[in-house]
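4 protein chains.
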Amino acid sequence: MLNIGVIGYGYWGPNIVRNLNAIEGARVVAVCDRDQGALKRLSGAYKQLKICSQSDEILNDTTIDIVAVVTPVCTHFELAKKALENGKHVFVEKPFTSSSAQAVELIELAEKKNLKIMVDHTFIFTGAVRKIKDLLAQGELGDIYYYDSVRVNLGLFQHDVNVVWDLAPHDFSIMRYLINEKPLALSAWGRSHINKLEDIAYVTVHFGSSKLAHFSLNWLSPVKVRTTLIGGEKKMLVWNDVNPDEKIKIYDKGVEVKNAQGIYDLLVSYRSGDMWAPKVQQTEALKLECQHFIQCIEQDSTPLNDGVVGLEVVQMLEACNESIKNGGRMVQIGSDVLSVTG
Amino acid sequence: MLNIGVIGYGYWGPNIVRNLNAIEGARVVAVCDRDQGALKRLSGAYKQLKICSQSDEILNDTTIDIVAVVTPVCTHFELAKKALENGKHVFVEKPFTSSSAQAVELIELAEKKNLKIMVDHTFIFTGAVRKIKDLLAQGELGDIYYYDSVRVNLGLFQHDVNVVWDLAPHDFSIMRYLINEKPLALSAWGRSHINKLEDIAYVTVHFGSSKLAHFSLNWLSPVKVRTTLIGGEKKMLVWNDVNPDEKIKIYDKGVEVKNAQGIYDLLVSYRSGDMWAPKVQQTEALKLECQHFIQCIEQDSTPLNDGVVGLEVVQMLEACNESIKNGGRMVQIGSDVLSVTG
Amino acid sequence: MLNIGVIGYGYWGPNIVRNLNAIEGARVVAVCDRDQGALKRLSGAYKQLKICSQSDEILNDTTIDIVAVVTPVCTHFELAKKALENGKHVFVEKPFTSSSAQAVELIELAEKKNLKIMVDHTFIFTGAVRKIKDLLAQGELGDIYYYDSVRVNLGLFQHDVNVVWDLAPHDFSIMRYLINEKPLALSAWGRSHINKLEDIAYVTVHFGSSKLAHFSLNWLSPVKVRTTLIGGEKKMLVWNDVNPDEKIKIYDKGVEVKNAQGIYDLLVSYRSGDMWAPKVQQTEALKLECQHFIQCIEQDSTPLNDGVVGLEVVQMLEACNESIKNGGRMVQIGSDVLSVTG
Amino acid sequence: MLNIGVIGYGYWGPNIVRNLNAIEGARVVAVCDRDQGALKRLSGAYKQLKICSQSDEILNDTTIDIVAVVTPVCTHFELAKKALENGKHVFVEKPFTSSSAQAVELIELAEKKNLKIMVDHTFIFTGAVRKIKDLLAQGELGDIYYYDSVRVNLGLFQHDVNVVWDLAPHDFSIMRYLINEKPLALSAWGRSHINKLEDIAYVTVHFGSSKLAHFSLNWLSPVKVRTTLIGGEKKMLVWNDVNPDEKIKIYDKGVEVKNAQGIYDLLVSYRSGDMWAPKVQQTEALKLECQHFIQCIEQDSTPLNDGVVGLEVVQMLEACNESIKNGGRMVQIGSDVLSVTG
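Residue numbers (this note's numbering), protein chains in the order written: chain A, 12 to 353; chain B, 12 to 353; chain C, 12 to 353; chain D, 12 to 353.
Check each hint, because a few of them may be wrong.
The list treats identical chains as one, so a pair stands whether inside a single copy or across any two.
[Claimed, not checked] When the alpha-carbon atoms are kept at most 27 Å apart in a straight line, the in silico DSS-like pairs for lysine-lysine are as follows: (1) K207 with K245; (2) K123 with K222; (3) K260 with K235; (4) K124 with K260; (5) K61 with K245; (6) K298 with K51; (7) K92 with K207; (8) K222 with K207.
Keep in mind that the hints were calculated from the coordinates and are not lab data.
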């Protein structure tokens with residue numbers, strides 16, 4: 012039986028506790044939060060649970076095997092580091108750390124101590140993303156032309172990070188999972204209107220090929236949009252995550268160049284066929300993710316969303332901030348630490 | 012009675028002829044096209060119409076007062092120039108010309124000859140755009156934070172220009188009409204997959220303020236999207252042009268910073284109120300545009316979409332191509348010809 | 012070459028003339044309408060066309076082989092009868108006649124004279140209905156459980172018939188084409204609010220089986236709905252005619268009773284699989300219908316939508332009126348004339 | 012402090028317990044269910060709660076003030092009766108009882124004992140229904156022409172009642188709350204395909220006026236539809252309960268008869284104006300309903316959804332079954348017990 016301690020019981024914490032607690036072979040034994048309201052919500056909900064307000068009570072508890080860090084980004088590094096030093100596996104909320112240097116340090120520490128890190132990139136465990144992964148793996152779309160992601164809505168404003176660090180970890184981790192090609196560089200534009208943090212941003216990601224990825228991120232949209240278009244040589248896919256019933260649609264549409272004798276005689280023909288919306292598994296993603304983590308610990312295997320994946324996402328986030336600061340200049344992704352991740 | 016000659020009877024030509032012909036005080040007297048199929052479609056449709064295959068038969072016809080140039084972009088300059096030289100007003104399909112230098116030359120020529128130029132930016136005559144213009148003019152949205160436009164679908168590929176020159180003239184002319192601030196610079200990213208012309212592009216437009224405009228342009232999308240979000244300080248607007256009944260929705264939503272004692276105490280509050288979809292006039296935009304042109308000629312007034320507006324759009328298109336070629340580098344808009352347009 | 016005369020050039024007439032005129036082997040030679048405005052719209056549009064205001068000029072014209080009757084319902088019988096008596100094939104706007112007795116008389120007359128009747132049930136020539144017909148014929152849905160049709164919008168009010176006679180001819184003819192089982196009886200409810208004609212109605216149609224068909228018809232709906240659900244034993248289908256891109260969706264969904272040991276132990280299981288939206292042909296339905304009619308005349312074959320089909324629809328409409336008058340009482344369909352149609 | 016005992020912890024029970032428990036001045040002290048799985052789910056979730064498998068342990072517990080009956084319909088009467096006899100207020104799941112006679116008996120018993128009955132018609136406490144009620148009360152729509160409700164989806168099959176008794180209690184209670192006119196009679200059609208219980212039904216409800224209400228109920232629909240149209244003399248309203256953001260839309264659309272000199276000269280004009288989607292309160296309906304019940308007990312006032320309302324809904328359900336059995340014959344609503352409810 013693996014004993015879990017959870018640090019942070021704010022917006023996302025209750026989901027983490029509920030799901031980790033439901034896994035066979037593991038149980039949440041302690042939860043801490045500095046906020047009295049959070050602790051009050053917690054009391055009564057679970058029996059036989061140590062409730063505390065100091066993280067050290069969890070980090071120093073020798074009966075605890077796993078620490079889940081569900082706190083603001085700026086605290087991830089310190090808490091995760093202490094947990095690893097004390098011999099505990101760590102589950103860290105996204106984004107992994109405030110900098111890639113911190114991420115590298117945690118990865119190296121975990122490796123040395125033979126401990127597991129899992130970064131909470133929940134989306135890659137959703138039925139929709141796993142179905143898209145299957146379709147791409149089967150070559151259903153052919154070569155990928157572009158990946159176009161829109162994630163916009165009104166709030167929820169994070170107070171310590173900008174819209175890129177708040178929303179893009181989802182999309183960057185999904186893209187990294189789906190697209191088998193390493194992004195090399197990116198350009199990002201951002202603007203802040205309400206306070207100093209960017210509340211709207213656009214990111215263009217470049218590969219070593221004609222593939223292009225683009226991300227629209229916005230905290231000031233009156234409507235909630237969660238749409239990803241993936242254009243392929245053979246077929247095209249639309250993933251609309253706010254559609255409860257038909258999240259994924261695959262279009263048998265395409266373009267064919269029949270004849271290219273000079274641009275005026277160019278015969279571009281359009282293929283327009285059926286559309287198909289595959290059934291998507293409804294199992295709660297966080298449940299699958301928690302199970303995966305416990306399994307990786309039990310079987311000493313590497314999580315899909317380990318520290319290295321977390322690092323790669325942080326590298327992209329860092330590149331975004333760098334590019335925004337420099338008026339959209341193209342920035343290499345993770346250039347400084349390539350030696351480490353290689 | 013103003014006599015009109017139309018050069019080009021391809022995809023858009025029939026609409027031009029039908030609408031120009033229906034205006035009181037004007038009539039189409041001649042149409043030319045090099046394609047026999049086009050001419051055949053034309054014969055029978057209108058009585059008392061000169062049908063010809065050479066543009067000179069129209070350009071040199073002294074009974075003709077106005078020439079409509081509805082041909083591929085690369086021919087606009089030559090045809091419009093000859094028409095102006097021969098003392099005719101010109102109506103030119105969008106985009107105005109292949110280069111801003113050409114546009115400047117035509118504007119100067121028209122000015123010297125006291126002739127009118129209208130560039131066919133039809134969209135600014137749609138009920139939706141005119142309604143949005145009214146709302147913005149009344150200050151309904153407050154200060155504009157961002158302008159986010161998506162215009163994507165599968166084809167129609169232009170064989171002589173890329174996706175930016177094909178689709179963005181609509182959006183650039185609409186934005187210029189709606190937003191009372193001159194765009195200063197832009198960055199653009201594009202990729203080509205089918206032939207050498209870019210089939211997907213993203214454009215970020217910068218102003219002298221925190222305002223940001225962004226354009227997503229794509230010939231390879233399985234779904235047709237025509238959506239513009241305008242985020243304002245007071246309200247936000249969504250214009251969905253493929254929605255037949257509720258094209259414009261205004262959201263009484265917003266963000267307010269109540270208290271800013273350090274980022275952790277920041278109280279960002281969200282206002283979420285009613286939504287309102289005003290009725291939009293259904294009159295065919297092209298009809299209103301044609302009427303406006305005839306009226307401007309009769310009353311010697313300047314068209315809303317005159318050569319200068321056409322030039323500004325071409326300057327933005329040129330900047331896009333320049334930026335795409337240079338890997339997204341920020342490019343000043345119209346820097347070379349600012350003296351002319353100033 | 013078959014010569015066609017068209018009586019009536021109101022709302023639908025121009026489409027009839029345009030499509031009949033485009034068929035090889037046929038041409039419209041004369042059009043009549045009592046309204047001067049209609050005749051004015053007509054002049055100029057077509058060359059070499061006799062334009063007249065009296066139907067007799069067409070009915071008595073010996074060079075005319077086919078008469079298209081595109082006038083209000085109450086005039087169909089008289090005009091079609093005269094046309095048949097004068098040896099002309101007739102194309103009649105829907106609904107066929109004002110009564111089944113009239114329809115029977117026309118059918119008998121046409122049979123005697125060896126002439127063709129086609130009733131303009133355009134919808135059965137649409138790509139959507141033909142695709143659904145194919146799917147049903149292939150047994151894709153299994154046994155049909157129900158047919159549920161909604162056709163509602165604001166206006167267009169007919170001044171001479173109620174909402175059932177205006178809208179239901181579409182749905183009744185579509186259902187008759189798709190469902191291989193003769194409806195036996197129906198109940199209908201209607202209410203009038205604006206004038207004496209019912210502006211809202213519901214019709215329930217009964218078969219000799221557990222199949223049920225239901226029709227919702229409404230001239231007073233703020234939104235336009237054109238949706239038909241067909242529930243089958245194996246799959247279910249939704250036809251949404253106002254969706255431009257995905258008119259037909261087939262759901263691999265169903266219900267299975269696994270075990271039925273008393274109602275409390277009943278195990279009803281739900282199957283929920285993929286959804287599939289087949290490509291639908293875009294060819295204009297009226298064009299295909301006109302071609303079909305000309306072909307039936309040339310080859311002496313029976314139109315899909317001949318007078319008998321027209322009669323069956325009129326019988327249903329009559330039953331609706333009878334049921335509405337009697338407070339929803341169930342009314343046998345076509346009981347009076349079963350001997351004729353048998 | 013009011014002590015509550017809950018009988019039944021199946022699908023809906025957990026929501027009842029959670030909401031009743033959260034009200035100030037009340038607490039759930041005991042829950043019973045015959046199913047061991049339900050009891051297991053319950054244990055651990057709440058502290059200081061008596062968990063039992065026999066309803067008598069709750070019904071006979073003298074410390075309990077209120078009993079919530081959250082069991083299958085056929086058990087409501089017996090359990091509620093015993094609770095009332097033992098001096099407890101009762102909250103009963105919808106539909107109230109299996110027959111109007113049972114409902115009348117419970118109402119009389121409660122009156123005699125001066126106890127409260129609340130029937131769980133949750134929907135009338137939703138933000139959407141309360142907003143519509145406000146709009147109708149303000150006369151925003153003018154006279155109501157029709158009320159058209161569609162509630163269809165695949166399952167959830169009830170094993171003891173048909174689709175009408177499962178789904179229509181929602182719609183009947185909503186209509187009764189919104190429309191200030193007593194329904195007099197109804198006709199209903201139903202068909203069963205999977206087992207002996209009707210799985211699809213249509214109900215037409217008649218008033219003493221030209222108003223008409225219609226209900227479409229279906230357990231075999233591939234798509235989930237929850238839409239109510241309310242057509243009024245002045246405006247029209249669409250309530251789409253599956254739209255998360257714009258549940259209610261009010262259309263400034265209408266019909267006006269300008270001139271009625273014979274049906275051919277009838278000038279029906281359509282008014283088409285703005286659409287407006289008011290903000291709808293998001294508070295959980297069940298929470299408000301539970302608060303309302305506790306308040307009614309504390310203040311000795313009559314619940315909005317008391318036993319009489321529950322009876323009226325049961326009378327409509329009974330009339331449906333009667334009409335379905337008799338092939339859609341029109342059935343008076345509540346004729347047998349009018350003396351009681353008067």
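Check the structure against each numbered hint from earlier and tell me which ones fail, lowest number first. The structure breaks hints 2, 4, 5 and 7; every other hint is satisfied.
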